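S.K.: Sequence:
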Amino acid sequence: MGLVFVVFGTFGAAIVAAGMASQRAAVAADLGALAGAARALDGDTAACASASDLAGRNDGRLVGCHLDGLDVLVTVEVAFTPLPGLTRVAAASARAGPVRG
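Count the sequence shown with the numbering used here and you get residues 1 to 101, in order.
FYI, nobody ran anything at the bench for these hints, they're computed from the structure.
None of these values were measured; they are calculated from a predicted model.
All residues carry an ideal CB built from backbone N, CA and C; glycine is no exception.
All clues stand as given, with none of them false.
Restraint-style ranges between C-beta atoms, simulated for each label pair:
id : residue 1 : residue 2 : range
1  : M1        : N58       : 36 to 42 Å
2  : F11       : R100      : 44 to 50 Å
3  : H66       : F8        : 41 to 47 Å
4  : H66       : V16       : 32 to 38 Å
5  : R61       : G85       : 17 to 23 Å
Let the sequences and hints guide you as you build the complete structure.
M.R.: Right, here's the structure in full:
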């Protein structure tokens, strides 16, 4: 009976780890997009460098970034280990730019 609890607990922890990694990826993408949008007038290179820096500070890895006018579109991946010896990646995308009326 104890072994059943350990197995279910382990899989429950893996599911929670996946959910937390997904949230971390979303936060890193959102903040990276905002940082890139702040530098959008400086060009694609500066905007994506700023987005990459902020995504990295949030344990993410910028895998996609480009400008669409003054909007910055970013994709960030976060690696996590749900079970020992098993590494997965959670990804999220975000878009940020000026307010349009």
